[in-house]
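Generate coordinates for the entire structure from the input sequences, incorporating the hints supplied.
Under our numbering, think of the first position of the sequence shown as 2, with each following residue one higher.
Just so you know, these hints were derived from the structure itself, not from any lab.
Hints may be right or wrong, so weigh each one.
In silico BS3-like pairs for lysine-lysine, Cα to Cα no more than 25 Å straight-line [said to hold, decoys possible]: (1) K336 with K375; (2) K361 with K244; (3) K375 with K238; (4) K123 with K375; (5) K646 with K597.
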Amino acid sequence: MSSLNEMKCCDKCWHDNTNQCYDLIECLNSEPKCHQSEECKSLLESKFAKLRYEKVEHPVIFVGAGTCGLGAGAKKTMAEIKRWLMVNDTFAEIVEVGCIGLCAEEPMIDVQLPGKSRIAFKKVTSEKVEHILNSMFDGKIPLESVLGQHKSETSENWQNIPFLCDLSFFSSQTRWVLRNCGIINPANIDTYIAYGGYKALSSALTKLTPVEMVQKIIDSGLRGRGGGGFLTGKKWKMAQDQKEEQKYLICNADEGDPGAFMDRAVIEGDPYKLIEGMTLAAYTIGASKAYIYIRAEYPLAIDRLKEAIIQAKDAGLLGHNILDSGFSLEIVIKKGAGAFVCGEETALMHSIEGKRGMPKPRPPFPTQAGLFGKPTVINNVETLANIPEIVAHGEKWFSSIGTERSKGTKVFALSGNINNTGLVEVAMGTPIKDIVYKIGGGIPNGKEFKAVQIGGPSGGCIPASHLHIDIDYESLKTVGAMMGSGGLVVMDEDTCMVDVARFFMDFIQRESCGKCIPCREGTRRMLEILDRITTGRRTTKERATLERFQSIMQLKGLSSVIQDTSLCGLGKSAPNPVLSTLRWFKDEYETHIYEKKCPAKVCKDLLTYSILEENCTGCTICAKKCPTNAIVGSLKHPHYVVMDKCIGCGNCYEVCNFEAVLFE
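Okay, structure coming up:
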């Protein structure tokens with residue numbers, strides 16, 4: 002049972018049978034109704050202030066324990082914190098939180114001392130814990146490890162320490178979906194409610210009909226935060242209009258795109274927002290059962306969801322007769338096996354039904370005949386996480402930012418050749434350049450920006466010449482890309498765009514369900530062409546040489562066929578990475594095909610190795626490491642490479658200590 006239900010202040014506030022407050026959430030967030038309303042509200046606000054750690058009576062240490070933090074060593078950091086507290090006979094509360102978004106600085110901890118604001122430290126490995134805690138508990142700040150402090154209105158802020166909200170990574174963001182991530186305890190529903198959670202659900206169940214709810218979402222302009230960008234309210238209205246008694250809601254948390262981790266981080270950091278959003282969506286369309294389809298490779302996110310569902314039920318915010326409204330909802334977690342195709346909604350439904358995950362033709366659409374043949378709405382995590390914000394703050398508030406046809410914010414997983422990798426949320430219409438340079442901190446090691454892959458395998462590459470383009474559904478299509486679920490992979494000057502296209506095509510071909518010939522065979526042929534383009538200097542036969550010259554024309558033709566005739570959206574978008582790289586980096590394809598060279602020196606089979614005579618000391622190390630005896634020469638005399646024997650393994654380059662081996 003949630004500790005909220007222990008906050009009893011008067012008998013008339015409570016159910017006789019369930020021992021639960023009638024209007025707990027409403028009392029906190031709107032006009033209280035009970036006869037001792039002011040005392041009740043004062044008591045609860047005091048308790049909630051403690052849950053928000055506005056003022057602390059003892060030290061509190063927050064540990065970023067999302068998957069990224071744990072991968073960086075947060076578990077060892079936490080163990081060292083506990084050891085330090087025990088050795089120093091010091092008490093401090095340890096709170097595990099999700100990722101605040103700046104994955105590049107993990108593992109991260111925050112320390113909050115009585116009377117002072119919460120201060121964040123970066124890259125806190127177990128070896129740094131002792132120094133940081135010794136300094137903090139002595140009243141000294143180890144500046145070399147400081148990231149910034151949380152701005153506080155109830156505690157004294159630290160002098161000469163930057164605020165997190167002023168750092169370039171955060172200052173250019175608009176964090177609505179990610180508002181609580183890295184701040185609240187994701188294992189405690191009371192904390193979520195203390196930060197305004199479930200205000201939207203209480204308001205909707207007591208003041209809005211399902212018809213009014215769907216109109217609110219339509220007026221907000223919210224579009225599905227997946228590949229299609231379909232209007233969420235319109236989809237809900239289609240399901241709402243169906244007369245079937247049984248309807249279903251599905252949350253698609255099966256993010257399979259390379260470089261995407263938005264859903265995972267949101268669930269790990271704030272699972273209650275998703276649960277509340279799903280409850281609101283189910284109430285709107287009339288669904289009594291909902292599924293969360295999540296990949297089994299997300300064990301921490303699954304654990305967070307399980308605990309959140311249990312706590313929501315215990316608090317009367319999920320399950321039977323939610324908040325005494327007459328509305329009931331059951332949420333079931335369905336673990337997927339990691340098939341990329343199950344991100345497609347009809348394949349996803351087949352998987353939930355216990356069948357092989359394969360798409361089916363539409364119509365009928367899921368809103369007409371979906372899961373088990375019943376009307377079904379499918380939205381992804383980010384879409385549903387926006388719903389509580391829209392209901393709580395209003396549709397005009399949500400649509401006040403963004404572009405004409407793309408409202409609100411968008412969450413991106415920022416990765417690749419970028420200084421500040423992590424999770425970011427920006428207003429629609431933000432230029433990609435701002436994400437890369439203001440939020441992402443630019444390209445490491447002084448390298449030049451080359452391209453950004455947006456939308457995963459179904460998306461496309463955007464070159465430096467279009468770095469100014471705004472983030473919205475329509476503008477991205479003009480440059481051959483798409484919003485997709487939100488993966489954003491940055492590439493620098495050392496990236497081979499042909500190799501990038503080959504990587505994504507290899508992924509798509511392996512993940513094809515094989516049901517339709519255009520996708521199954523077409524992607525295979527495209528991959529074979531890319532293989533021929535990126536290999537062949539040493540192994541190419543005469544006929545294969547001719548095929549290389551024909552390849553660039555065949556790629557375009559194959560792409561058109563696949564786009565026009567594939568069964569599902571994943572198949573239709575499969576050629577996008579190839580088409581976008583062909584469009585913006587055609588010169589690289591031509592260099593690979595006509596000159597048999599890789600300008601970025603990535604495609605190993607196209608590299609030629611030589612030895613610079615004036616630098617070679619004749620140490621013989623390269624000759625000893627060559628697996629094919631392609632390097633010849635005598636001791637203390639310059640060596641040379643026999644090209645017919647060289648297989649391009651690069652061993653000679655790696656072992657040479659005199660910069661005598663060259664490759665191009």
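The hints, checked one at a time:
1. Between K336 and K375 the alpha-carbon distance is near 21 Å, which keeps this suggested pair within the 25 Å criterion.
2. Pair hint K361 plus K244 holds up; C-alpha atoms about 23 Å apart against a cutoff of 25 Å.
3. Proximity of K375 to K238 is assessed by CA-CA distance (about 15 Å); at most 25 Å being required, the pair is judged to hold.
4. In summary, the hint linking K123 to K375 is not supported, as the alpha carbons are separated by about 49 Å, beyond the 25 Å threshold.
5. About 18 Å separates the Cα atoms of K646 and K597, which keeps this hinted pair within 25 Å; it holds.
When each numbered hint is compared with the structure, a violation occurs for hint 4 only.
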